[in-house]
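Residue numbers (our numbering), protein chains in the order written: chain A, 1 to 470; chain B, 1 to 188.
Hints are computed from structural coordinates only; laboratory data are not their basis. Even for Gly, the Cβ is constructed at its ideal location relative to N, Cα and C. Just so you know, not all the hints are guaranteed correct.
Stated by the list, open to error - Covered, in the sense of this in silico footprint (three residues per stretch, anywhere, with C-beta under 8 Å from a C-beta of chain A), are these stretches of chain B:
(1) 24-35
(2) 131-141
(3) 157-169
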Amino acid sequence: MKRTLFDKIWDAHVVAEEAGRPAVLYVDLHLVHEVTSPQAFAGLAARGLPVRRPERTVATMDHSIPTTKLVVVDDAARAQLRRLADNCAKHSITLYDTESHQQGIVHVIGPELGLTQPGMTIVCGDSHTSTHGAFGALAFGIGTSEVEHVLASQCLLQRKPKTLEVRFEGELPAGASAKDLVLAMIAELGVGGATGHVIEYTGPAIRALDMEGRMTVCNMSIEAGARAGMIAPDETTFAWLAGRPHAPQGAAFAKAVAGWCELHTDDGAQFDRTLVIDASQLAPMITFGTNPGMGIPITSAVPSPDDAEPAQRNALAKALRYMGLQPGEPLLGRPIDVVFIGSCTNARLTDMRVAANVMRGNKVAAGVRVLVVPGSKDVKRAAEAEGLDQVFRDAGAEWRDPGCSMCIAMNGDAIEPGQYAVSTSNRNFEGRQGRGGRTFLASPATAAAAAITGRITDVRTLMPTTGGER
Amino acid sequence: MTPFKTLTSRAVVLAADDVDTDQIIPARFLKGTAKTGLAAHLFADWRTQPGFPLLGTPDTSGAQILITGINFGCGSSREHAPWALVDYGFRAIIARSFADIFKENATKNGLLPIALPAAACSQIERVVNAQASTQLHVDLASERVSLPDGTSFTFPIDPFAKHCLLGGLDELGYILAFSERITAYEQR
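The following block holds chain A by itself, in its conformation from the complex:
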């Protein structure tokens, strides 16, 4: 029987499956944060149940914490953070709190610590858990009821999803990055296009990505409706994992790699659907609307509702009204107010490097606020060791402490009503980055270019000799 990568991991984790019932699926790693866990722990307490496997559970504080030395934004956030600390202490769960040297965004620190490994099932009460699929894991977001199920049983009830192969042929051109690749895919599929499916990303353009780029791609699988996205592990994966604190060490690592090498889709295995995208034709992408599927090449004009499918006309018109954009107008040259470089999508060391390369020796444009928020303390330290913080500070950007920050705007980092932001995060929903705020999603290179010009800018025009990376 020829099997896909997804099939192999799924099959290895089915504990039980009764006819007409969802499978009882074992969870290898359960990641927890402050926002989606308190009600789950309360449910456990109400039932008088312990956490079944605290050593398979790892918690961090990321969503509502401040990214400056200032205090927590309000009493509710403070109480929620305290609740997480109490719950973790009570149940002997490792917590990377704000004092920890390894704290960071949950989807940044999991891989960084080597907790995320090929072949695992990984869940978290957070839709961007799909990020961890970059390592050849089956990783997906769950609701708080399911967080409670996993705490109590280390299992989840799951109906087997369908599989979708997205194959990126060719080579990404200079100036285009992993972010552009995934934004192009979501524009093609639409925000609901992969609902009910797990995506496996394949093809030469995926193989050529570093792990950070692969995480960026898998991270945004949910923005096309897929709960999970995955990439078969290879030498790039193994090299990235070697020596990580929680990865197997020494001879155990070599043995683990031998097993991980089996984690690929067999020749001749069938996917339920396949989508092929020619990566060599891609350009830097940017969104113009109010969901991540509303993306275009940065040199394109804003589409007109009149040209859209009838079913999408109203949504498009509504999005353009919210964004204050006219059909047919170019985005290039449009003034912006804020630039946010951060989030579980694009706050890793290579993202920081790409942004710093564009900003080095330049000044942030007058009147533009630029926040650079590293994804973890590790990323922050590594960036500072390379002097990247100084590049950002010299340019006039704010260099912050790790957290979700302005991606979800729960911690006080927010854009003002009516403002425009170019953001490296994952969602441009109405008000996502602050009530009334308007978001253009783009890559770190494109965001950095906007920071220094104050306008939506094709980064390729700033870096004619080297081109942008990633």
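The hints should help you fit chain B onto chain A, whose structure is shown.
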């Protein structure tokens, strides 16, 4: 969980596709530690806008059914979305389609996701828009939603989700019944 067997109620129409969970309940209201008390924040940034059809008008008060478009509940996994809908009084949502995580979260809170084809949705919408007091009838056992004139539409529902909704059962009990199998799995 409150069992869901049948429901007869007025409905309100939210004529939008891809309604994301950031709209259903914005992130700034996710700092609590309880599942209750979230009704006040349901569609917080939309309900203050003139003409928003959903909330606080005599026509719509008491409606327990929401009718909406494609891919309802996309985006974040926050279970606060169904908690807020249920806290407000909704028991069923009729849509062209649902986002995966939202659908899972909804059924775990006694909120029935009813996915119907475009033509059926349009017909129900037309009737409700013509007369706001229209009572729709939902029967989960027979998987049908009916208009007052007797026209009815069948909707798909996962058999296990149906079983749990009808009985008011929660999934954890089912999972924990496999405790020995889970232990055996861990000891392989």
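Against the structure, the hints:
no.	hint	result
1	24-35	holds (count 9)
2	131-141	violated (count 0)
3	157-169	holds (count 3)
When held up to the earlier numbered hints, the structure conflicts with hint 2 and nothing else.
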